[in-house]
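Q: So the chains spell out like this:
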Amino acid sequence: MDFHLTIEQRDIQKAASEFAKGEFDPDATLDYDLRQQFPLTIWKKACELGFIGVCFPEEYGGQELGLLENALIVEAFCRQDSGIGMALALSDFGSEMILRNGNGDQKKRILPFIVHGKGIVTSAFLEEGYFLAPLATAAKISQDGCMINGMKSFVTLGSMADYIIVVCQTRPDTPNAQAVILLEREIDGIEVSSMGEKVGMRMIPVDHVAFTNVRVPVENIVGQEDTGYFQLQNFLNEMRIKTSAMGVGIAQGGLDKALEYSKKREQFGKPIASFGAVRNKLADMYIDVEMARLITYKAAWSFDIGAPDDRVILMSKMIASKAAYRNAYEAVQIYGGYGYMTEGHIEHFYRDAKVLDLFLEPGQIQRAMLADHILGMMSER
Amino acid sequence: MTEPDAGSDLSSIRTTAVREGENYIINGEKIYISNGILSNLIVVACKTETENQSPHKDISLICVEDGSPGFSRGRNLEKTGWHSQDTGELIFRDCQVPVSNLLGEEGGGFYYMMEKLQQERLVSAIMSQASAEAAFNMTLDYYKQRKGLKQAEIPIDANGIAEMATDIEIERTFLNSLIYDHIKGEDIIKKVSMAKWWTSDMTNRVISQCMELYRDYGYLEDYKVGRFFRDVRAHPIYAGTNEIMKRIIGRKLGI
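Heads up: the sequence lines are chains U and L, in that order.
Be aware that the first sequence starts at 1, since it is given in this note's numbering, and climbs by one per residue.
Be aware that the second sequence starts at 1, since it is given in this note's numbering, and climbs by one per residue.
Just chain U, with the same shape it has in the complex:
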C-alpha cells in the first residue's frame, strides 16, 4: 500500500492550485455569486489550459487521466473558491455518460466540444417527485427516431447548456427500461425555465426543462435503448466521487481560511488561534479534511482500477459533504461577525457547502443504500 501521489499527480495538483489562486479573483467571485452568474471567462481559461475533460481519451482532446486526477483538480478549485470550483466541476455534467457509453460519433461530437470550451453540457434525470424508476419523461422509440415528452427538474446549467443528456422511460410497465438520449438545446420542443434563487451554488442556474414532442434520430441514443437506468446509476456513482472531491476542497478551503484568520485576528491581547475554543475547532476541522480526503481518494482509486467500491463511494460522498458543511460552519464561527458578512469571503462557502448534502441524492437515501449493501440486501456490482 502506498498513500503517496505520483509526481505527475502532484504536478497536476500544483498546476490546478496555481491556476485557481491566479484566476479566481476574490472580489470577482463575490460578484458572480451576488449576480448569480456563471464564471464564463474563468471557465474558458480552464478549458484552454486543459483542466476540463481530463479523463477523455487523447483522440478527443483529453489527457486520458483517471478520476483521481480529476478529483485533485476539482479539490484544488473548490479549495480556492467553493462557488467557482463547483461551477467548473459541473460544466461538463453528464459527459461521463458519453465517455463511458457513447459511440464513436457521439464522442467525436461532444468530447472535443467540451475540452475546447465551445459550450456547456448537462444532463437531466431528476423530476418533480423524485422517482428515478419509472420516470415520467417518456421516449417513444421507433426506426424513424425518438419522440420525447415530459419534464425534468433540478437541471444544473439547463439554461446555459448547448447539449442536454436526458434520461427517459421507454416502456412504462418496466421501471428500469430507460434510454439516455443526447439533445441539442436548440431543437424544437425544449423549453427551459428557472427554478428560482438558491441558498448557495448561485453561479449555477438550476432549471426545469420541458419536452414537448421533441424529435431526434435514433443515432442520438447513448448506449443501448433499454439500458439507460444502469448507465445513469453508473454515472451517479462516478459523480458521487466528483462530489466528494468538491467536499474535500470546500472543507480544506474552510480550514485554510480559518487558520489564516485565527492567526491574524487578535482579541484579549493575543491571536484567537491561541484560545482553546478555537484550537479545538481547528484540530477537528483538520481531522475532517483528512478523513474526507482519504476516503475520496480511495473511492477514486477503486474506480480507476476498474473495481468501483460502491460502499466506499457512498461513504465518501457522505463523509466529504459533512466535512464541507462542518468546516464551512466552523470557519464562519471563527470569523465571528465578519464571517456572517459577505465581505468576509467565507459565508458563501457555508451556503455552497450545504448543497453537497442534497446533491445527487440526500444523505438519507445514501444511508439506506449503504445499509442495504452491508446487510447483504443489495446485489454487488
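Check the hints yourself; a few may be wrong.
[As the list claims (entries may be wrong)] Here are the computed lysine-lysine pairs in the DSSO-like style, where the Cα-Cα straight-line distance is at most 27 Å:
1) L:K190 / L:K246
2) L:K144 / U:K322
3) U:K45 / U:K14
4) U:K322 / L:K246
5) L:K116 / L:K246
6) L:K116 / L:K184
7) U:K108 / U:K45
8) U:K298 / U:K14
9) U:K14 / U:K264
10) U:K322 / L:K150
11) U:K107 / U:K45
12) U:K264 / U:K21
13) L:K246 / U:K270
14) L:K252 / L:K190
15) L:K150 / L:K252
16) L:K190 / U:K270
17) U:K264 / L:K246
18) U:K107 / U:K140
19) U:K107 / U:K118
20) U:K322 / L:K224
21) L:K184 / L:K246
22) L:K252 / U:K270
23) U:K270 / L:K57
24) L:K116 / L:K252
25) L:K150 / L:K57
26) L:K224 / L:K144
27) U:K45 / U:K21
28) U:K118 / U:K21
29) L:K252 / L:K57
30) L:K246 / U:K263
[Stated by the list, open to error] Across the chosen pairs, the derived CB separations fall in these ranges:
31) L:M113 / U:G129: 51 to 59 Å
32) U:G376 / L:S34: 49 to 57 Å
33) L:M113 / U:L294: 44 to 52 Å
34) L:R75 / U:M377: 56 to 64 Å
35) L:K184 / U:L375: 48 to 56 Å
36) U:H373 / L:R75: 46 to 54 Å
37) L:K150 / U:D27: 42 to 50 Å
38) L:P4 / U:E18: 27 to 35 Å
39) L:K246 / U:R100: 49 to 57 Å
I should point out that these hints are in silico values taken from the structure, not numbers from a laboratory.
Everything numeric in this text was worked out from a predicted model, so none of it was measured.
For each residue, glycine too, the CB sits at the ideal point set by N, CA and C.
Chain U is fixed; fit chain L onto it per the hints.
A: Relative to the frame of chain U, chain L by itself:
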C-alpha cells in the same frame, strides 16, 4: 458596542468620548451594528477615561441622535441572512453631543452592558428556539404531504424527526424556566449562557436537517426553509459568541 478590533473582547474598544464643557466629543468607528443605518437613536459604548484605571471602569454609554454633528453612517453590509434588517457601520468624527446624553454614570458602561446582556442572551435563545419550532413545524407539514419518497428513506427520516422534536421540546422546558427566573429578577447568567449557546447550536442543527427533509427543494429560496437556514447562522455569533458563553460558564463553575 462592536468595533473592527473589539468583538468578543468588549473592554478593548477604542471609541473615545472626551468632555469639553457641556459636550462630549466622540471619535471612533463601530461595525456590525444592527439597524445601524435605519436607527434614529444609538447608545454608543465609549471610553471616557484614559487614566490608569481598570479597563472595565472607563466605558460609558452615551446616546447619539440622528443628525448629531460629526456623526455619519458607513456601509450597509451584505450578509448571509437577516435581510429584513440592516447591519451597518457608524462613524464618529469629533461628534458632538450634550453631556446630558450620558446614560447612568460615567464609567459604569461595562457593568450596565453586562447586566443587560443577560436579557439579550435570553432573547437570543428565545429567537433560536422560536426559529427551530417554526421551521420544524413547517417542515413536518411539508414532509407529510410529500410524495415520491422511497420506503427505505422514511424510517431514517422518522428517526431524525423524532430526535429534532425531542431537542425542541426539552429546550423549551429549560427556556421557560429561565424566562420565569429572569422575570423574578434572579441572576441567571450561567444558565442563560448555557441556553444561548445550546439553543443557537440546536437551531442550526435542526434547520440544516429540515432542509434535507425537503431534499433538493430545501435549497430553493421559494421554500423558505433556506431562509431560516441563512438567518439562524447568525445566532451562534451575535450577543456573545458561543465560545464566549462557554468561557462564562467555565468561570461560573470555578475553572
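Q: Assess, step by step, whether the Cα of U:K264 is no farther than 27 Å from the Cα of U:K21, and give holds or violated.
A: Holds, at about 20 Å.
Q: With the threshold set at 27 Å, check whether the alpha-carbon distance from U:K298 to U:K14 stays at or below it.
A: holds, 20 Å
Q: Is U:K322 close enough to L:K246, meaning Cα to Cα at most 27 Å?
A: holds, 24 Å
Q: Hey, L:K150 versus L:K252, does the alpha-carbon distance stay inside 27 Å?
A: violated, 50 Å
Q: Does U:K14 pair with U:K264 here, judged by a C-alpha cut-off of 27 Å?
A: Given pair U:K14, U:K264 holds - Cα atoms ~26 Å apart, limit 27 Å.
Q: Holds or violated: U:K108 and U:K45, Cα atoms, limit 27 Å.
A: holds, 22 Å
Q: Okay, L:P4 versus U:E18 on CB: inside 27 to 35 Å?
A: Holds: the Cβ-Cβ distance is about 32 Å, inside 27 to 35 Å.
Q: Mind checking the hinted window 49 to 57 Å against the Cβ distance between U:G376 and L:S34?
A: The hint (49 to 57 Å, Cβ to Cβ) holds, given that U:G376 and L:S34 are roughly 56 Å apart.
Q: Given the hint of 48 to 56 Å, is the C-beta distance from L:K184 to U:L375 inside that range or not?
A: The hint (48 to 56 Å, Cβ to Cβ) holds, given that L:K184 and U:L375 are roughly 55 Å apart.
Q: Would you mind confirming whether the straight-line C-alpha gap from U:K270 to L:K57 stays at or under 27 Å?
A: holds, 22 Å
Q: Given the hinted pair L:K150 and L:K57, is their Cα-Cα distance within 27 Å?
A: violated, 63 Å
Q: For the range 56 to 64 Å, tell me whether the beta carbons of L:R75 and U:M377 fit it or not.
A: holds, 57 Å
Checked against the numbered hints given earlier, this structure breaks hints 15, 25; the rest are met.
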